[in-house]
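Colleague: Sequence:
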Amino acid sequence: MEIPKNPNRGLKIMNSWGKKKTIFVPIDSNGHSVKVYVCGPTVYDSAHLGHARAYLTFDIIMRVLADYFGYDLFYVMNITDVDDKIILRARQNYLFDRYLEAGHGLEQVLKDVEKGVEMVKAKHQKRIEGLQKDVEQLLSDKESKRKEKEAKELTEIISDEKLKLQNVINAKTKADDYLKKEAKLPEAEKVRGVLQFVKSEVSYMLDKQLGETVTDLKIFRSHAERFEQEFLEDLKSLNIRFPVVLTRVSEYIPEIIQFVETLITKGVAYESNGSVYFNVGEFSKTHAYCKLRPECAKNAKLNEEGEGALGSATSDKKHPSDFALWKKSKKGEPKWKSPWGDGRPGWHIECSAMSGQLLGDNFDIHGGGVDLQFPHHDNEIAQSEAFFDTHQWVNYWMHAGHLHVKGKKMSKSLKNFTTIRSALTTSSATQLRLMFLLAKWDSEINFDENSLKEVKSRESAIRSFFDDAKAALRNRKKPSEEDQKWSADDIKLNNFLLQVKSKVHEALCDNLNWPDAMQQIANLITEGNKYYRKKGFKTLLLADIVAYVRKMLTIFGFFEESEGGSGGGGSKEETVTPFVNALVGFRNKIRDALADAKKTGAVDNKVLFSLCDALRDETLASLGVRLKDDKGNDQNWSLTDPAILKAEAEARKKEQEEREKKKAEIAAKKRKNKIATMEKEIKMFQDYKTDPKEYFKVIHQDRDRFTQFNEKGVPTHRKGEDGKEEEIAGRTLKNLGKALTKYEKVFNKCAKKLQKDPKYLENLEADLAKLKSS
1 MEIPKNPNRG LKIMNSWGKK KTIFVPIDSN GHSVKVYVCG PTVYDSAHLG HARAYLTFDI
61 IMRVLADYFG YDLFYVMNIT DVDDKIILRA RQNYLFDRYL EAGHGLEQVL KDVEKGVEMV
121 KAKHQKRIEG LQKDVEQLLS DKESKRKEKE AKELTEIISD EKLKLQNVIN AKTKADDYLK
181 KEAKLPEAEK VRGVLQFVKS EVSYMLDKQL GETVTDLKIF RSHAERFEQE FLEDLKSLNI
241 RFPVVLTRVS EYIPEIIQFV ETLITKGVAY ESNGSVYFNV GEFSKTHAYC KLRPECAKNA
301 KLNEEGEGAL GSATSDKKHP SDFALWKKSK KGEPKWKSPW GDGRPGWHIE CSAMSGQLLG
361 DNFDIHGGGV DLQFPHHDNE IAQSEAFFDT HQWVNYWMHA GHLHVKGKKM SKSLKNFTTI
421 RSALTTSSAT QLRLMFLLAK WDSEINFDEN SLKEVKSRES AIRSFFDDAK AALRNRKKPS
481 EEDQKWSADD IKLNNFLLQV KSKVHEALCD NLNWPDAMQQ IANLITEGNK YYRKKGFKTL
541 LLADIVAYVR KMLTIFGFFE ESEGGSGGGG SKEETVTPFV NALVGFRNKI RDALADAKKT
601 GAVDNKVLFS LCDALRDETL ASLGVRLKDD KGNDQNWSLT DPAILKAEAE ARKKEQEERE
661 KKKAEIAAKK RKNKIATMEK EIKMFQDYKT DPKEYFKVIH QDRDRFTQFN EKGVPTHRKG
721 EDGKEEEIAG RTLKNLGKAL TKYEKVFNKC AKKLQKDPKY LENLEADLAK LKSS
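For what it's worth, our numbering labels the leading residue of the sequence shown as 1, then goes sequentially.
Check each hint, because a few of them may be wrong.
[Said to hold, decoys possible] Taking lysine-lysine and the DSSO-like style, the derived pairs with C-alpha atoms no more than 27 Å apart in a straight line are:
| hint | residue 1 | residue 2 |
| --- | --- | --- |
| 1 | Lys147 | Lys318 |
| 2 | Lys492 | Lys551 |
| 3 | Lys317 | Lys266 |
| 4 | Lys646 | Lys551 |
| 5 | Lys181 | Lys115 |
| 6 | Lys133 | Lys123 |
| 7 | Lys149 | Lys298 |
| 8 | Lys285 | Lys208 |
| 9 | Lys408 | Lys19 |
| 10 | Lys164 | Lys415 |
| 11 | Lys683 | Lys756 |
| 12 | Lys174 | Lys415 |
| 13 | Lys534 | Lys551 |
| 14 | Lys551 | Lys123 |
| 15 | Lys719 | Lys742 |
| 16 | Lys749 | Lys772 |
| 17 | Lys285 | Lys301 |
[Unchecked claim] Label pairs and their calculated CB-CB ranges:
| hint | residue 1 | residue 2 | range |
| --- | --- | --- | --- |
| 18 | Asn588 | Ser237 | 33 to 43 Å |
| 19 | Arg127 | Pro294 | 20 to 30 Å |
| 20 | Ala643 | Glu765 | 49 to 59 Å |
It should be emphasised that the hints constitute simulated quantities derived from the structure, not laboratory data. As the structure is a prediction and not an experimental result, all values here were calculated from the model. For glycine and all other residues, C-beta sits at the position ideal for the given N, C-alpha and C.
Using the sequences and the accompanying hints, generate a full structural model.
Modeller: Written out as structure tokens, the structure is:
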């Protein structure tokens, strides 16, 4: 690639084109303006954390480029609202809703479930078998290293397909288990219950049968609109800055058609049966194809992935490597008029046409997830270089790493995803951002509970530093009233601060290495924590450290620009009103509590502590004030995002509830054990109330056979098997004596208790009855 000879700011970035760190030099002759295009979402479903990884990553990249390096960004992101995935999902959801409305009986539904499950299983099995044959064929060529790598990629796809197949089997099992468990439910409820587990399988079957009957274009548009809106709301929830321009594919159809016409004119595209394809062979005569992933140039299977689920069946390509620019629309698909008949854009052409329209024939950065390198971005490069007659359309290609779950990329198709909205119910947007800040932007991240625990610990340490340092600064004298001569410790800390600033800059210049930058900031926080705890710390130096840490974390998006600031406009009354209301409300509650105490003659401390806790956890938290319990320090408060404080209060409440629950469980266990012990003792009194001399006459199991007894009451004779009396002697007599001794021991124990307290048993029974009724 050619690097412009313009001013640069020392930044090197990993360029996917060439796979090496390259000095970043903008096209702008002044080295100031930077043009960026990032592939946005295909809005067919809710965005998950895998998507958040990409969009948060590029948000941090854009913030660092703009707020740290000072570049003026023209940032464009696309919204793909015309795509095979959207068409299929919109049709399937529409048909499934109609299916539910039809009110089919359970018998019919179970037949449809069976049919849908078998159809989806057959689809995955067929794909697995085909891919396995391809792998075997590739591996048979021992001389080709490229083919070995291609075989490895296909093997990974096979692994994913097997997981998808297993997911189908699991869904059917869950549906079957549900039916067994809920056999007594009304039929309509059972139908809905079963379908919740196998919706995708039944929807697939319905689409295969009835997909062509869905002709209302509003169905496709409303589906895309819904998830586009949800995506934009997710961006806002994640504190992601919006791009300067959002491009929507459906609004650029004329530009896309014109782009395709130009490619046909240039001889690198051809029409076939109402569709238009890019001629890779013709393009390759004058250009290099697959600049990002050269090893994939002849990988027909991966190229087929990019054609979409609705494209392969109607393919009329001259060569398997050719890809669709314009697709002829079939029944049940949205369509626009074109010179080649009714159709719709191919996937890759959309980005080329929209970016070209706004950013021209050469721009600085094109970004997206790492999985977009081939075929999407390589095909974008080919069609754009052909259109603009150039060999360098984009200067820097940046690809964010994937988010993995148990070694697999998080994705909808593998059903191993967590939606952004679901994740934000258990983790804050700041915590998710921090998780990505602790990993290099172009590396993989493994998402699990341990990584979240580390992130929450890191966040807590950061926020505690700001809270405590601010409180320390508030408690200090004014700079004009304190000694300003620096000690050796002050000089040492300032030198450390300068060193951190230098290392942070070095890290960010080295491919935006924010994990290293974050570690340097963490080191500075550690030293800052030690410093403000010392007597005689310098207010201005601590304030400088706090300001630098806040500046860097704000650049990374950890803080919103306004968080912790003094705020903007508004009258003084508007500003203080909520706080005055909180103070007045708290005062009234205290007065009410004291008035009640006057009537009873005693102050209930529990009530007062409860009111103070409510002030801290509810009233002040809702106003964005964090208040810490700290004896002797009336300045231990800070301003924080109310949502964070609310989450913390809810977490404390949950922990308290867990403690109370555990306490209740222990108490219940103790009560249960006590009841068992008391019942056992009462039974003992009942079983051992007979005089020991009467034991063998009244209680013993052979009492009817004993005929004569000695002075202690031990049997000496008994009836034999023939009915005649016989003497008891030897071991038998000895064992009977032992049995009586054992009985006497317990009898005497009970008698002793009753001798000491004649009402002992009566009271024990009363206590048991009382305990059981409580």
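Colleague: Each hint: holds or not?
Modeller: Okay, the hints, checked on the actual structure:
With a C-alpha separation of about 23 Å, the suggested pairing of lysine 147 with lysine 318 holds against the 27 Å cut-off. In summary, the hint linking lysine 492 to lysine 551 is supported, as the alpha carbons are separated by about 22 Å, within the 27 Å threshold. Under the criterion of a C-alpha separation no larger than 27 Å, the hint pairing lysine 317 with lysine 266 is consistent with the structure, at around 18 Å. For the given pair, lysine 646 sits about 25 Å from lysine 551 by alpha-carbon distance, which is consistent with the 27 Å threshold.
Between lysine 181 and lysine 115 the alpha-carbon distance is near 23 Å, which keeps this suggested pair within the 27 Å criterion. With a CA separation close to 16 Å, the supplied pair lysine 133 and lysine 123 stays within the 27 Å bound. As the CA atoms of lysine 149 and lysine 298 are separated by approximately 12 Å, the hinted pair is consistent with the 27 Å bound. Restraint check for lysine 285 and lysine 208: not satisfied, since their Cα atoms lie roughly 41 Å apart, outside the 27 Å limit.
With a C-alpha separation of about 23 Å, the suggested pair lysine 408 and lysine 19 falls inside the 27 Å cut-off, and the hint holds. The hinted pair formed by lysine 164 and lysine 415 meets the criterion: a straight-line CA distance of about 8 Å does not exceed 27 Å. With a C-alpha separation of about 19 Å, the suggested pairing of lysine 683 with lysine 756 holds against the 27 Å cut-off. Between the alpha carbons of lysine 174 and lysine 415 the distance comes to roughly 15 Å, so the proposed pair stays at or under 27 Å and holds.
With a CA separation close to 24 Å, the supplied pair lysine 534 and lysine 551 stays within the 27 Å bound. Taken as a hint, the lysine 551 and lysine 123 pair is broken in the structure, with Cα atoms around 53 Å apart against an allowance of 27 Å. For the hint linking lysine 719 to lysine 742, the alpha-carbon distance of about 24 Å falls within 27 Å, and the restraint holds. Annotation: proposed proximity of lysine 749 to lysine 772 holds, straight-line Cα distance about 26 Å (limit 27 Å).
Of the pairs offered as hints, the one joining lysine 285 and lysine 301 holds, with about 23 Å between alpha carbons and a cut-off of 27 Å not exceeded. Checking the proposed 33 to 43 Å range against asparagine 588 and serine 237 shows it holds: the Cβ atoms sit about 36 Å from each other. Against the hinted window of 20 to 30 Å, the Cβ-Cβ separation of arginine 127 and proline 294 comes to about 26 Å, which satisfies the hint. The beta-carbon spacing between alanine 643 and glutamate 765, approximately 57 Å, falls within the hinted interval of 49 to 59 Å.
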